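As you go down the protein sequences, you meet chains A and B in turn.
If you read the first sequence in my numbering, its first letter stands for residue 1, the second for the next number, and so on.
If you read the second sequence in my numbering, its first letter stands for residue 381, the second for the next number, and so on.
Read the hints as simulated data drawn from the structure, not as lab findings.
Quick caveat, the model's predicted, so the values are computed rather than measured.
Cβ atoms here follow ideal geometry from the backbone N, Cα and C, with glycine treated the same way.
Be a bit skeptical, because a hint or two may be false.
[Stated by the list, open to error] Quick look at which bits of chain A chain B covers, simulated, 3 or more residues with Cβ under 8 Å:
1. 281-288
2. 297-310
3. 318-325
4. 360-371
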Amino acid sequence: MNFHLTEEQEMLRKMIRDFAENQVAPTAAERDEEERFDRSIFEQMAELGLTGIPWPEKYGGAGADYLSYVLAVEELSRVDASIGVTLSAHVSLASWPIYKFGTEEQKQKYLRPLAEGKKLGAYCLTEPGSGSDAAGMRTTAVRDGDHYVLNGSKIFITNAGEAEIYIVFALTNPELKHKGITAFIVEKGMPGFTMGKKEKKLGIRSSPTLAVNFEDVRVPVENVLGEEGQGFKIAMMTLDGGRNGIAAQALGIAQGAFDHALAYAKERHQFGKPIASLQAIQFKLADMATKIEAARLLTYQAAWLEDQGLPYGKASAMSKVFAGDIAMEVTTEAVQIFGGYGYTREYPVERFMRDAKITQIYEGTNEIQRVVISNYLLKE
Amino acid sequence: MDFRFSEEHEMMRRMVQDFAQKEIAPFVPVMEETEQFPRHIVKKMGETGLMGIPVPEEWGGAGADFISYILAIHEISKVSATVGVILSVHTSVGTNPILYFGSDEQKRKYLPKLASGEYLGAFALTEPQAGSDAGNIRTTAVRKGDEYILNGNKVFITNGGEADVYITFAVTDPSQGRRGISAFIVEKDTPGFIVGKKEKKMGLFGSNTTELIFDNARVPAENLLGQEGIGFKIAMANLDYGRIGIAAQALGIAEAAVQYATDYAKERKQFGQPIIKQQAVAFNLADMATRAEAARLLVYRAAFLRSRGLACGMEASMAKKFASDAAMINATEAVQIFGGYGYTREYPVERLFRDAKVTQIYEGTTQIQHIVIAKHLLST
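Please work from the sequences and hints to get the whole structure.
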């Protein structure tokens, strides 16, 4: 047993924290206000090697582990959850399936530019009629010679519009239902592939979320990821790891809000003393810190299991449900500690509270995580 | 990071699991029915080496590390929180003060007997008016020749009446406040030492909790532990040790609640199917399992730090607070899942419910843990 990070992981954390505090934090409120995605931040992350942390160097990655990747998402989200999810969707949802199921050619052609941060990735699973029930999708892909012709619509696509590479799930054999789903690598600019409405959101406002449309989009056969009919499995396996990325995002949000609340409680005077000297505030802070530590251990454990090649589905579902829930609780308490000021956009905690909410919803709602966990309990 | 147990720890765990199943489980219903102290189990634990886990081999102990000790408390408490607390008190506060502060003669005289289970240890600090505020004790010790004469009352003493050796705290110099407190090794048959009322408790049936009366009790001067005036320091020196131990006890209860409730939910049929098929039950189980897992990580992280000799004050308090809350919540939910049956003594979950409560109270109440955590947070 060893609960310490390695020296490299500690160094990486420090490097990312410096970057986050100096390059990301200063504009976070402004980008949130303007709902503006800043590609230059992603480019700086690419220069630091953050866009391909867990991929081997031969694919342009940093050759580090998943735990390092989780540290990166945590540290970025500690100042700006929008940037956190940009990276999480890019690595866990767009790059991971190519790394895991892609051919060598696909890896060189698509994983490499993703890992190097020359291209941004996105993941297109959700449709208006199929959210948690992902197998209920209607987008179709019909084989026509050397191509598949895609038709349909996807919604709530993180990084859409900005991304160059999209992992898209479509039905190649509707009769087989979820066993008739196939995954494709779709490039921005393919004729008939267009961006739809950009969502106005409660939080993570500088992360773009769009609908995307497929109208007779001709995707070359060599862009099939894995095999025909394997799509649902690829989607679910991708989400197993992806949800730990979201756990890391939630953890970062909670930690960021807590750090602000602790600093404020020490400074803010009422009744002639800092509010941190009041037991009600102290107990809140103690509860918040304990929840964050528990979430951190669950999240790191899930990443560590993946690094060891051990099963991590149950652990990542636990990390996601726990971290998402405590992010909501901790950020809400942070706003409470700030009082009236916390409710204003002058202070960052209201942004953290808005950002926290999505972590209970996307990459499998927390209800879906409970289904996953209880299915494991049923089987064990 | 490495979230696995070492091979030695795994062996230890299996050994304790076997022991708990074979030697403890059959006696649990007897303790529940009669509140009889499990003396024969203490003896067997002594034979197995469990009564002297941290005691070096030269003093007759197992010389094992802190993680091994926590494993033992955890695994035993899954089967019986009563035996868990008997072992915890015996080791962390009955034996350790002699190990850390005793003279060679005291070690030679007491440690081999404590480590072999021939002697059972206890800790006499709490008084009617001095609970969380332990510095406020009133029991006095006055030097008279080769003896100290002790007068006063202690309450809520675990292993009271059954223990052979009591680490007892008394005021030797009332003018010095906390610095006037001294610690003594008091033997069971000391003249003037009387075991008082045995508490009837909500839970932990079979674990004796009694009052102790010192009525001109004559304690040999050589039984002074350390020197005069360091009693409070001795009492507080090992708080982490005891706290992580109780956290491990609570963890055992929290996990047992998940296990019993899951097994029952798979078997129990209503509306033609097992109740685990009902989402309300399944989600509850998922939350219970996640909570127990978070508690497990906090407990072993604190144990890991402690075993490395690293500072772990805040981590120990977080583990104790979180695990004891998890035990109470999980036990309550387990009773709910069992329904009417859970409310009867036919099933074990009402015992878990009763046993869980005290983990939020002793070895520093949850409120004291909050204060400790907040102090650490505010000092950084």
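Checklist entry - Okay, which hints does this one fail, numbers in order? => result The structure conflicts with no hint, since it agrees with every one listed earlier.
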